[in-house]
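Order-wise, the sequence lines are chains A and B. Numbering follows full-length UniProt numbering, with no gaps: position 98 of the first sequence is 98. Numbering follows full-length UniProt numbering, with no gaps: position 321 of the second sequence is 321.
Hints may contain errors.
Unchecked claim - Okay, derived cross-link-like pairs now, DSS-like style, lysine-lysine, Cα gap no bigger than 27 Å in a straight line:
1) K330/B to K45/A
2) K330/B to K405/B
3) K186/B to K47/A
4) K362/B to K45/A
In case anyone wonders, no lab produced these hints; they're calculated from the structure. Note that the structure is predicted; figures quoted are calculated from it, not measured.
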Amino acid sequence: MEFLLINHPLDCPICDQGGECELQDLSMGYGDGVSRFTEGKRVVKDKDIGPLIQTDMTRCIHCTRCVRFGQEIAGIMELGATGRGEHMEIGTYVEHSLVSELSGNIIDLCPVGALTSKPFRYKARAWELTAHPTIAPHDAVGSNIELHIRKNDVMRVVPRDNEAINEAWLSDRDRFSYLGLNSAERIAEPMIKKAGQWQTTDWQTALETAVEGVKGIVAKHGPEELGGLISPTATLEEAYLFQKWLRGLGTKNIDHRLRQQDFADSQSDFSLNDWALADIDDSDAIVLLGSNIRAEQPIIAHRIRQAALSGATVSNINFFESDLLMPVQHQLAVDAKDMAYYTLAGIAKALTQANKEDAAEWRELLGERRPSPFEQNVALQLSNARNATLFVGDLINHHPQASVFRALAKLIASLSKTTLVILPTANSNAHLKAKTLPSENGMNTMQMWQSDLCAYVLMGVDPQMDTAIPDDARRALKRASFVVAINSFHSDVINEHADVILPAACFAETSGTFIGIDQQWQRFAGGVEPRGDSRPGWKILRVLANVSQLNGFEHISSQDVVDEIESEWNMGQKPASHDFIPESFSVTSDLMLISEVPMYRTDSLLRHSNALQQTPENKANDVARMNQQEADKRGVNHQLPVIIKQGENQISLPLEIDDAIADGCIYVAAATLASVAIGRMFGQVEITQAGPSS
Amino acid sequence: MKLDQICFRTSHLEQSWTLDAYRQVGGYQVLENLLKNKMRPEEILEQVKNSALRGRGGAGFPTGLKWSFMPRRMPGEKYIVCNSDEGEPGTCKDRDILRYNPHQLIEGMIIAGYTIGAGTGYNYIRGEFYEPIERFEAALKEAREAGLLGKNILGSDFHFELHTHIGAGAYICGEETALLESLEGKKGQPRYKPPFPAGYGLYGRPTTINNTETLASIPVILQYGGDWFHEIGTQNNGGSKIFCMTGHVNKPGNYEVPLGTPFSELLELAGGVRDGNSLKAVIPGGTSTPVVPGDKMLQLDMSYDGIGKGGSMLGAGSVIIMDEKTCMVKALKRIAYFYYEESCGQCTPCREGTGWLYRVIKRIEEGQGKQEDLDRLVNVAENINGNTICALGDAAAAPVMSFIKHFRDEFQYHIDHGHCMEHTG
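Using the sequences and the accompanying hints, generate a full structural model.
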């Protein structure tokens, strides 16, 4: 005890760890009241390791937990101990920001105040905070978290142990998203547009204006001219009431699949029964298809890594290679036009050959393909495994030929007895339960945007950042005669084209239910009061339905909504499903723009979290990337920006040569201000070098 | 035959480090015979056990016993590692073995590899040893060319390869598990034991680590027999031992004499105390062993058990002689500084405690001592002792405790008067 305190400053009064410090607790329990050490203490220079973690290295007691975390959990050894004895220091050696998507966990691990949360610094004392359990909404894991609240403010977020879900870890995205809650961009009051000018108003007026407007359109043009789009981050209750209200008004056009472009396989059944996150640990073969898993679902990536370390083989098939921080058996960056015809069909063909079993419907399509060694290897990896899992991620799901890819993935899975996991977006499993999907003959997201409807109701949707074709969304809203937005944050397109804005409560401010990838219904209650005059989404929707004079909206708590969903679900028939079989694989693609939503731009809350926006990996998004060969072929180089053209749209971005990108592809991050002008985020483009003057 | 010189048995020859010189004293004959006769490893082990050879690196652990821990029938690679890091202050023996008789070490390592079933050996040599490294490398080259290393040694079915690894001069890398970490390319920090290296050593494989002098004694033991070797020394303290006589003696240097030789004889060999001064104190086994007052030391024999009777340890045989002019406070300050600089930083008591000890002793030496410092020093040293993963913590504590125990009056004088006693310093 005495030795630990020798070189530890007695600065507890100004230390953020004070009150929750393991060293402080031990000193209180076992230490002497007076120090016998009268010599000078050492001082260590602080290191700058990025916008999320504050260092006070003089306080470090060299337990090396952060070093072990890097080695054992994060898989990237960013921190190490340099120097010997008393001269030992923890640091990055060459100064840089931590890039691990799990780096925030070292804040919890550090027993003293050497590594603390930078955004939380000097904000509150541990004993002033009330812990409130809830669920993180940014990925399909539904990590269990605790909000630490003072008065009516979320001061920080920490993980809550749940071995079945996030174990003891938390991604940086879930940990620091709360910073967006108090953004200046939050909508504080209901607003209506009068003669082109926004006016704040009271709820009654706003609700009445909204309902009048929507009902007016329905009366004049028919309910098919009304479309409703909701963000997949919305809660189960919000999703349910959203579709119930809109269906009550007569429309069939409802969707939550905002980034999907290909809906041909809507009838296919990809649901998972009895699959839990812990099943990843038991997998001995894992194939990732079109998923940048570390950014998409950091906690799942962690579980896959642990499986890989205990012997599972991992393969990665995508449009670019990525560093998974784990041993990877086979990795292939596939040209977008080859994904179906060669790679996936090849694997399927290899499996039919190995099984001596024929998939009749597919016989003609698979034809006489001769599988490449890579395809055979992956086929062998899957068929030899005792317990194989195939993950299909966003890069596939957002692709214009998603249906073809997913159909092939399903074929591969059934031939090799592999578990197929289509990675959901945030709370989208809840949306499937709540049926925020088009009714028969209703329009899906793409059709709604492309049909220029007369009225739109948007919930939690930023038309610019959250859609597959921001250009279509902009145009449709511009032409619409009435737009209602139930949002938490201001956005340019909404402010320009909406007629009513109803301020909705955000994550942490509302109660609800989250259904993650493992189908667990996780209920949570609101921790703080909604900002300003905003209201929980489910209440807004219920009152909208009341004002619309619809029956069956007597819920007085979100629990009532859940009860209704459950009884409806239990009574309802499982929708009939039939597998989608493509007619051909033919894809003509010269240069494909491939894009993924960067880790910290997937929803409005994240986009308003300053600390996350300032991370170096987030700032590195405003470039286009392609490999050297492809750049040479098209006569472009990195010295000047390139112009990426799609129809009439074009954007200019610096080009970065990155040989991880597959041939025939150019990578641009979606959901950034620089990239949304291109239009279709996943599609054909042309590229030219910008002239020196531009 | 009475032979005192074991590790230095070529020292009477010109260019004693060459293969020719080594062959003149019967070098590599043991290896040739045992390969030719396909000697059973158990027989070799028996000889080594009979010899009562004890680890020359400092701990004095019986070598035969250590070798018997190796699971020699276990499939897969096993290793023999020679510890030539020789970092203990006052020690200079392994360096001279490498300089003047490297082939005996090579033969010893090959035999050790044969006995424990290891196919690869590493000699971890301290980075500062430029000349010894060159000599050892040259000897390895000679041995390889003579077919004594590599595949099918001397036409037998035994393969053995030996490599040099150059350390970077960290004291802690003389600790066997830190040495293994360093050999693996990591930061030299001791591992928890158990598992011991014989079960989980280099790269997780069974490994035996011996000191240079230990391994260099093996060929001679096998040449003349374990019992012969045992008889050179005393009961349970077999053979001769190199003593590094340093400090205030007239003829400092390495002296290889039978274990059990009275200290007074050894001192005489080294020419006695400088300037005819009287003997004040002796550190018998390197700075990490407790100091022994001169008068007591003169009654002791130089063997593991003999020095143990004087409350200290034979250690690596690094005998540091201090005459009456020595200021014990200053001596301890220098020793404490060494451990402060060399602590690896892994365990808290050692990382923080060594600095504390050094600073307090420095203060006393500079005349800023306080009365309570003396008891505090002892108390802090006691708190370090036994509370660390490796023995470095104990090594840092032992001198402090023994210096203050035997020479408390000098420390007291420093505190009271702010300077050394008149006749010292």
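Here is how each hint holds up against the structure:
| no. | hint | verdict |
| --- | --- | --- |
| 1 | K330/B to K45/A | violated (32 Å) |
| 2 | K330/B to K405/B | holds (16 Å) |
| 3 | K186/B to K47/A | holds (23 Å) |
| 4 | K362/B to K45/A | holds (26 Å) |
Checked against the numbered hints given earlier, the structure breaks only hint 1 and satisfies all the rest.
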